[in-house]
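Q: Chains A and B, in that order, give the protein sequences. To convert, note that position 246 of the first sequence is 246 in this note's numbering; the numbers rise steadily by one, no gaps. To convert, note that position 53 of the second sequence is 311 in this note's numbering; the numbers rise steadily by one, no gaps.
Bear in mind the hints are in silico, worked out from the structure with no lab data behind them. Wrong hints could be hidden among the right ones.
Stated by the list, open to error - Short, incomplete list of chain A residues facing chain B, as computed with Cβ under 7 Å:
#1 M141
#2 G142
#3 H144
#4 I146
#5 T148
#6 G150
#7 R151
#8 H153
#9 L161
Even glycine gets a Cβ: it sits at the ideal position worked out from N, Cα and C.
Residues per chain, in single letters:
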Amino acid sequence: MVRLTINGRVVQASEGEMLLSVIRRENIDVPAMCHHEAVEPFGACRLCVVEITRQEWDGWCDYVTSCLYPVADGLIVNTHAPKVNELRKTILDLFLARHPKCTEIIELAGEYGVTRTRYETVVDGDNCILCGLCARICDRMGFHAISTVGRGHGKEIAPPLRQAPPDCTGCLSCAMNCPTNFIEYKVKKGLLTIWDKKFELLTCNKCGKETITREFAVHLSEQRNIPPNYFDTCDACHRNELAAAMGRIAAWDREVQL
Amino acid sequence: MNHDLSKLQGIFDRYPRQQESLISVLQDIQKEYQFLPCEALQETAKVLDVPLSKVFSVSTFYNAFSLHPRGDKVIRICVGTTCHIRGAALIQEQLENELKIKSGETTPDMKFSIETVSCVGACAKAPVVIVNERYFGPAKVSDYKKLLKGK
Numbered sequence: 001m002v003r004l005t006i007n008g009r010v011v012q013a014s015e016g017e018m019l020l021s022v023i024r025r026e027n028i029d030v031p032a033m034c035h036h037e038a039v040e041p042f043g044a045c046r047l048c049v050v051e052i053t054r055q056e057w058d059g060w061c062d063y064v065t066s067c068l069y070p071v072a073d074g075l076i077v078n079t080h081a082p083k084v085n086e087l088r089k090t091i092l093d094l095f096l097a098r099h100p101k102c103t104e105i106i107e108l109a110g111e112y113g114v115t116r117t118r119y120e121t122v123v124d125g126d127n128c129i130l131c132g133l134c135a136r137i138c139d140r141m142g143f144h145a146i147s148t149v150g151r152g153h154g155k156e157i158a159p160p161l162r163q164a165p166p167d168c169t170g171c172l173s174c175a176m177n178c179p180t181n182f183i184e185y186k187v188k189k190g191l192l193t194i195w196d197k198k199f200e201l202l203t204c205n206k207c208g209k210e211t212i213t214r215e216f217a218v219h220l221s222e223q224r225n226i227p228p229n230y231f232d233t234c235d236a237c238h239r240n241e242l243a244a245a246m247g248r249i250a251a252w253d254r255e256v257q258l
Numbered sequence: 259m260n261h262d263l264s265k266l267q268g269i270f271d272r273y274p275r276q277q278e279s280l281i282s283v284l285q286d287i288q289k290e291y292q293f294l295p296c297e298a299l300q301e302t303a304k305v306l307d308v309p310l311s312k313v314f315s316v317s318t319f320y321n322a323f324s325l326h327p328r329g330d331k332v333i334r335i336c337v338g339t340t341c342h343i344r345g346a347a348l349i350q351e352q353l354e355n356e357l358k359i360k361s362g363e364t365t366p367d368m369k370f371s372i373e374t375v376s377c378v379g380a381c382a383k384a385p386v387v388i389v390n391e392r393y394f395g396p397a398k399v400s401d402y403k404k405l406l407k408g409k
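Next up, chain B with everything else stripped away, as it sits in the complex (with noise of 0.2 Å):
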């Protein structure tokens, strides 16, 4: 898959190049794209002079990273032990049947993505649904609708 990477440039501009930038550099790309696509690691790698195969552990090992494209919309559920009481199990079981995708997954229109996140230390709100950068909660089955706007 082809990707514009000429605004990669203006991500690296914004930080010294050394090793320490990485991972802001990957959350900017992430922010950018909603992924990290590879030739932009490859790019990072080069620019950053980090070993290529270190970038790639690096975005591997955290979970705000994702190397597959997502949806415009992502929408996270928390599924940490507060909201997995308050139900959390539900609420996904009703939004993966509503967009027919499993979590990890991306509709085919990529429209919405669906991912399942630990703890977002917003428990005083659970269950917690994220959509994109926006907080849903107390998040009720019957919300779906609200949360999956633009459908």
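For reference, chain A alone in the conformation it holds in the complex (with noise of 0.2 Å):
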């Protein structure tokens, strides 16, 4: 056990941890775009900067993105330090420079009373910002269908060859963790389109909504030993069947009594 201090509360943390999750932990925002529990830390946003110092430090400071930074005995982290906050301005500036249209960074940087960017706006970008989260997640699934391509200006997020990636099952873990949403989908007639690659949608046998790709179903019975038929059902008709299986039980108990 290590104990540090955040904004002057002593908190314990356990050996190998990073800041940011003790952070987390003691209910503190700061904010983090690349993260996820998942995968390992990456450190891509910058966003979860954060001012730490030492008692020996004699008042020098250091400037550390949180995730990756190890907690570590007689640690003093300071998450909103006025610097602190000045750099995730910039970064929130930066940031909406380069994507203008995107909701949630306009959202962050309002917080953070950006509202305008001071830089040139990149009028044709997308709303990706290449923090790798979607290719991340997709390896710790076991797909590895997607990777980024290119570096530099033209680094993006792609399927190899940039074809329909072989590898995908349309799982959607990449467009569900895309901190800004960039990832598209569509669902149309019980088809699932995904990195320009089809999928058929099962459906629940009991209510006849669209559940997960019948891919992914396979995947998951075959590597995760799921049995197959789990799949038929959707997870509210699941929860339905359960309820009725509980009160079946309960009105048997009762016969068994009387």
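Using the hints, build the complex out of the two chains.
A: Here is the structure:
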């Protein structure tokens, strides 16, 4: 166990933990766009920057991305020091210049009082901040269907050879976790389209609602030992069934007692 | 486009079949074919057991790799700071005019490709032009005939 000070409060953390997870546990609001607990910290968006110092540093401070900075005994952290706020404002300002139409960025920048960018706006830009969270989550899901392609100005997220990715199962983990909701997908007539690949959607045999793609269901049942018929029914109907079963058990219990 | 992929096996045999061999294998494929054919990337992913997305990510990251067929002679013009100051742009213009292609393109007869690179670490010889593996420097605009030998 290590003891450190965050915004004047002494908190405990376990060895090897990163600052951001301790900060979040303390219910302190520090923004981060590229962070997800399912994957290793990456430090792409830079928004989780905090000020750190130590008693023996004699007033000297450092500014680090808290998602990548391991906790240590005696660390004194300030998550909203004036200079930290300034740094975050600059980062948000740059984001705003590059993604002027991105609602998530506009909202976050607004919280920090940045409503107009000081920099030249990128006119034909998209809303992808290139944090790579989608690709990292895809790797974590075990599909490795998409990755960063190119570098510098031309960098983008794309499937291999820029063609429909053979390893994608349409699980939608990338789209659901994109911090700027940039990854598009379409659901139409029982078909899901993402990354230019079409998937057949399973329908619930109770209520007829569309659930997950057939490929994803096959993957889950084969790789994660989930009975294949589990996916014949949607989550809501599963719960209904469970409740009904509990009702039957209760009625049966009553009968036994009588 | 179909390529003779029979040489791939020999390249794969040179390295242990693991993720760490990826760049070495790609470099050898590039050397053999002057570019990285799609089929070769797919084969590499399979043989080294690396996801195809990773192979594609690596092969698009490095400027040394090309995914498009290139000419027999690849002319690389250094446009790094030193070469730029010493007139790389003029040499580039001359060669582009002479071959009637732009940087990044290949002549229709597949003989020449022009590429620009940012510093090859030979600033003492600026401006530098590299034809396949041969370095020319300091290069002059009037050297184009020498650089385009065999045109």
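Q: Hint by hint, which ones does the structure fall short of?
A: 1, 2, 8
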